[in-house]
Amino acid sequence: MEQKFSKNSIDLQALREFCEREGEVVVYRKGDQMEREGDPARWFAFVTEGCFKYVTHGISDDKEHITWFSFAGEYVCDYPRSLYGRPAKSTIEAMMPSRVLRVNGEQLMQFFGHSIETMELRAVIGEHILCQFHERYLDLHRATARERYELLLQRCPGIVQHLPLNAISSFLCITPQMLSKIRKDITFACNESLS
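Take any residue in the sequence shown, count from 1 to its spot, add 7: that is its number in our numbering.
These are computed hints drawn from the structure, not numbers from a lab. Note that the Cβ used here is the ideal one computed from N, Cα and C, for glycine as well. Incorrect hints may appear among the rest.
As the list claims (entries may be wrong) - Computed cross-link-like contacts, SDA-like style, restricted to lysine to any residue with a CA-CA straight-line distance of at most 25 Å:
1) K96 with E124
2) K188 with L137
3) K96 with S122
4) K37 with E154
5) K70 with V32
6) K70 with I189
7) K70 with Y144
8) K70 with G30
Claimed, not checked - Beta-carbon label-pair distances, calculated as ranges:
9) R190 with G92: 38 to 44 Å
10) H169 with A196: 39 to 45 Å
11) T74 with P164: 19 to 25 Å
12) E127 with H169: 17 to 23 Å
13) T125 with G65: 37 to 43 Å
14) P94 with R36: 21 to 27 Å
15) R43 with R190: 29 to 35 Å
16) E124 with H148: 33 to 39 Å
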């Protein structure tokens with residue numbers, strides 16, 4: 008699945024090389040959990056194949072809410088909790104058969120302590136994650152449901168072929184029925200423009 012992250016792209020080649028050199032190859036089946044909400048977060052991984060969802064549960068209704076995705080070519084972790092073994096705030100679950108290069112938080116902390124460059128990389132990662140989540144937070148307030156769907160399609164054009172609509176609608180904070188209507192409206196608009 009191809010990703011396009013022009014606005015938030017950072018060079019993490021050194022981190023990927025570290026995962027390739029020091030990490031273990033781990034294969035997850037669909038539904039396998041890499042982290043579980045409430046348990047100590049332990050892992051930092053580079054996704055080589057597949058897709059993961061970040062799930063949290065409602066305070067009063069225990070309903071599942073999808074807050075993020077990590078696709079092939081991206082990193083998957085509960086950062087920075089995985090650095091310190093703090094309780095995970097989300098369950099991270101494979102949405103399809105997936106493969107990662109995985110290191111633990113202690114290995115990552117040692118890597119960051121090697122040089123000024125790796126310490127700077129740690130800061131850049133934190134800033135990058137903060138920017139991603141700030142953009143998502145702003146989009147929830149400033150973008151319509153359709154605009155949020157279109158932004159997601161820009162980020163990952165193949166997402167609708169790989170993920171169920173209920174997962175996408177949860178991420179967008181809309182109902183599956185609303186997502187179906189948005190998709191129908193987009194299809195109708197495209198067909199009209201072709202006529």
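Here's how the hints hold up against the structure:
1. K96 with E124: Violated, at roughly 29 Å.
2. K188 with L137: 32 Å, violated
3. K96 with S122: 30 Å, violated
4. K37 with E154: 29 Å, violated
5. K70 with V32: 32 Å, violated
6. K70 with I189: 23 Å, holds
7. K70 with Y144: 20 Å, holds
8. K70 with G30: With Cα atoms ~34 Å apart, K70 and G30 exceed 25 Å; violated.
9. R190 with G92: 38 to 44 Å: 41 Å, holds
10. H169 with A196: 39 to 45 Å: Distance hint for H169, A196 is violated at roughly 24 Å.
11. T74 with P164: 19 to 25 Å: This hint holds: roughly 21 Å between Cβ atoms.
12. E127 with H169: 17 to 23 Å: With Cβ atoms ~34 Å apart, the hint is violated.
13. T125 with G65: 37 to 43 Å: 38 Å, holds
14. P94 with R36: 21 to 27 Å: 25 Å, holds
15. R43 with R190: 29 to 35 Å: Given range 29 to 35 Å: holds, Cβ gap about 32 Å.
16. E124 with H148: 33 to 39 Å: With Cβ atoms ~36 Å apart, the hint holds.
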